[in-house]
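S.K.: Knowing the structure of chain A, use the given hints to seat chain B on it.
The listed protein sequences derive, respectively, from chains A and B.
All letters in the first sequence, in the order written, are residues 1 to 113 by full-length UniProt numbering.
All letters in the second sequence, in the order written, are residues 1 to 113 by full-length UniProt numbering.
Treat the hints with caution; some may be incorrect.
Because identical chains cannot be distinguished in the list, a pair is counted as satisfied if it fits within a single copy or across any two copies.
Unchecked claim - With a cut-off of at most 27 Å between alpha-carbon atoms, the simulated DSS-like pairs for lysine-lysine come out as follows:
{"id": "1", "residue 1": "Lys-76", "residue 2": "Lys-39"}
{"id": "2", "residue 1": "Lys-100", "residue 2": "Lys-10"}
{"id": "3", "residue 1": "Lys-25", "residue 2": "Lys-100"}
{"id": "4", "residue 1": "Lys-60", "residue 2": "Lys-25"}
Read the hints as simulated data drawn from the structure, not as lab findings.
Number of protein chains: 2
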Amino acid sequence: MIHTAESCGKAKMAIRDTLDVVGGKWKLVLISVLRSGKKGFNELSREAGISPRILSKELKELEMNALVNREVCNTKPITVQYELTQYSETLSEVLLAMEKWGYEHRQRVVTGG
Amino acid sequence: MIHTAESCGKAKMAIRDTLDVVGGKWKLVLISVLRSGKKGFNELSREAGISPRILSKELKELEMNALVNREVCNTKPITVQYELTQYSETLSEVLLAMEKWGYEHRQRVVTGG
Chain A
1 MIHTAESCGK
11 AKMAIRDTLD
21 VVGGKWKLVL
31 ISVLRSGKKG
41 FNELSREAGI
51 SPRILSKELK
61 ELEMNALVNR
71 EVCNTKPITV
81 QYELTQYSET
91 LSEVLLAMEK
101 WGYEHRQRVV
111 TGG
Chain B
1 MIHTAESCGK
11 AKMAIRDTLD
21 VVGGKWKLVL
31 ISVLRSGKKG
41 FNELSREAGI
51 SPRILSKELK
61 ELEMNALVNR
71 EVCNTKPITV
81 QYELTQYSET
91 LSEVLLAMEK
101 WGYEHRQRVV
111 TGG
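Here chain A stands alone, though its shape is the one from the complex:
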């Protein structure tokens, strides 16, 4: 029993840790958008449908957690591109599980099941 409570607590903490890093409305959406390649700020804002103010905050947090890399390009005018880091690939299982669930949930809702 003690073991179960302990392992339950660990599981809850781990899920919370994940949600602290990639929870919220936008982070996993941004990661899934960036999977098709590096993007500029405006492009990202448009594709993900996020306001610039929120996008800027979310990108900073993703950068802090080593999931997104901000690259300043030596162009005139200077441009900035965002790309996924190698570390972000560790999230692929989470994203795949969410993709599968979302797909099946939609089928269920559509068929009224």
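M.R.: Positioned in the frame of chain A, the structure of chain B alone reads:
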């Protein structure tokens, strides 16, 4: 190329669908807390560390999506218990992936890796 763009779009939509249902700060935490068995409102509020106002809103949304069942017990005074539905078990892969990631991320942060 068209195929890739299309399947990317589908993946993004599915991830968004999942986030619409279980995204945000609390829903997956609540589901992970309820995995240890049915709980009353106050117990749930305490265990998950959620204010009653937010908890009430989150539970209603989980109920609407058939993930949580609200049971009114014929006691004096009437008590209400919340439990996971069978359908919520379809989320186990998502939760497991998040649990694994959270655990590994913490190791990484702790070891400074």
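S.K.: Next, verify each hint and record whether it holds.
M.R.: Now the hints, each set against the structure:
Taking the closest pair of Cα atoms, Lys-76 and Lys-39 come within 27 Å of each other only inside a single copy of the chain (17 Å); across copies the shortest separation is 60 Å, beyond that limit. For the homomeric pair Lys-100 and Lys-10, the shortest alpha-carbon distances inside one copy (25 Å) and between copies (11 Å) are both at most 27 Å. Taking the closest pair of Cα atoms, Lys-25 and Lys-100 come within 27 Å of each other both inside a single copy (18 Å) and across two copies (21 Å). For the homomeric pair Lys-60 and Lys-25, the shortest alpha-carbon distances inside one copy (15 Å) and between copies (19 Å) are both at most 27 Å.
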